[in-house]
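J.: Sequence:
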Amino acid sequence: MFKNSGNMSYYFFVICVISTAAVLITLSIFFIINETFSSNDPSIFEEAFVWQEKHKGVVGITANIANLYKQKMTDRVIEKNSIDIVILGSSTLMGIKSDMFDNYKVFNGAKNGNPLSDSIAKAKYYAKVSDSIKYVIIGFDWTLNLVNREYKDISYKPEGVKQERVDFVVKIKDAVSYQRIKIILSVIYDNILNASKVYQCPTEDGIGTDQFFKADRPRRCHGFRYDGSSTFENYSSLTIKKWEILLKDSLSKYREELFSSKGKVESRYLADLNEIDKALKRRGGKLVILVPPLMPGATRLIYGSSEGVYLTKIIDKLLKYTKRNNIFTFDASRSEEFGCIPEDFLDEHHSFPSCYEKIVKALSID
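Add 12 to the 1-based position in the sequence shown for our numbering, that's all there is to it.
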């Protein structure tokens, strides 16, 4: 009887431990989700913008608010009529910094996964409401299938900008990932042992802060510079070995996208770009259509593949239309022609400022 009683006590203890652990793990997951994906008070954005404007520093952010922060940041700059050039497109343009342009005030409004329709809608709106903007640079990003989508005639309203909704399953996966747990532990460490919220950026000539939002990389200046460009602090540059592996893979994901789209580009998008260009020319400026760079050798390899015919179809349609309508188009996709090297890229299609600096030197917008 005593033996059975001992076994019962042991099993009860094990069940209690497992139940307690399950409750703690569940609570921890919900805590992490709340910390990572909670909505931010609108006033915090304004405080962050004011700090950034004053200190020319980097505001640390999480990936889930990156697009919201960038959009609010862009709208604020436009409203103040303080820039000559605005850059619109996807993350492939985020490596462009304002100091690459002489005698111009530039803001990089590019956002993650931004389709051509969205860039067009914002360009129309900004050209209409801003007295200072003379030039708009729009990325023609064929690599991510952002120019091949069905035509959407959308309009942009700043008051409609909201934080993107994230599926609950995605939130759970993020909360239990190694990277997220590492981030949370780093935040706890910083809050206990190093409470300073302003610090010298390890890879930037300036300061950063995590005091406004929960940063994905605490105390690393992971976020946006005051000019809207990205620090890409979560990433490291391509090694020669990695670059060779990517080329050997024949860039299959881009070829698949080209095969899927069959090189289709809606003519109405080109007509919209023409409309924007005419509006800017009336004020002494113009539209610049920029085909973003790929890592050295990538564009040449894709053109030489069986799917290269679809890329030729896309670029030919763009160039014929823009030449006929006198719209300035600059194809920077063959980055090696501008002196870019593999180390100037973090992957096949995201370029660091070191490559864009060489491209912008060759880009004469006057």
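Just so you know, not all the hints are guaranteed correct.
Have a look at the derived ranges for each label pair, beta carbon to beta carbon [what the hints assert, rightly or not]: (1) Glu58 <-> Gly351: 36 to 46 Å; (2) Glu216 <-> Lys274: 37 to 47 Å; (3) Ser55 <-> Ala75: 16 to 26 Å.
Listed next, the in silico SDA-like pairs over lysine to any residue satisfying Cα-Cα at most 25 Å (straight line) [unchecked claim]: (4) Lys164 <-> Asn79; (5) Lys136 <-> Lys265; (6) Lys140 <-> Asp239; (7) Lys84 <-> Pro127.
By construction, these hints were calculated from the structure, which means they are not laboratory data.
Glycine residues also receive a C-beta, built at the ideal position from the N, C-alpha and C atoms.
J.: All the hints need checking, so say for each whether the structure fits it.
T.: Now the hints, each set against the structure:
1. Between Glu58 and Gly351 the beta carbon distance is about 41 Å. The supplied range of 36 to 46 Å therefore holds.
2. The beta-carbon spacing between Glu216 and Lys274, approximately 43 Å, falls within the hinted interval of 37 to 47 Å.
3. At roughly 22 Å, the beta-carbon separation of Ser55 and Ala75 lies within the given 16 to 26 Å, and the hint holds.
4. About 20 Å separates the Cα atoms of Lys164 and Asn79, which keeps this hinted pair within 25 Å; it holds.
5. Distance hint between Lys136 and Lys265 is unfulfilled; the C-alpha atoms sit about 32 Å from each other, more than 25 Å.
6. Between Lys140 and Asp239, the direct Cα distance comes to roughly 22 Å. Compliance with the 25 Å bound is thereby established for this hinted pair.
7. A C-alpha spacing of about 18 Å is found between Lys84 and Pro127, which places the hinted pair at or below 25 Å, so the restraint holds.
Checked against the numbered hints listed earlier, the structure breaks hint 5 alone; every other hint is satisfied.
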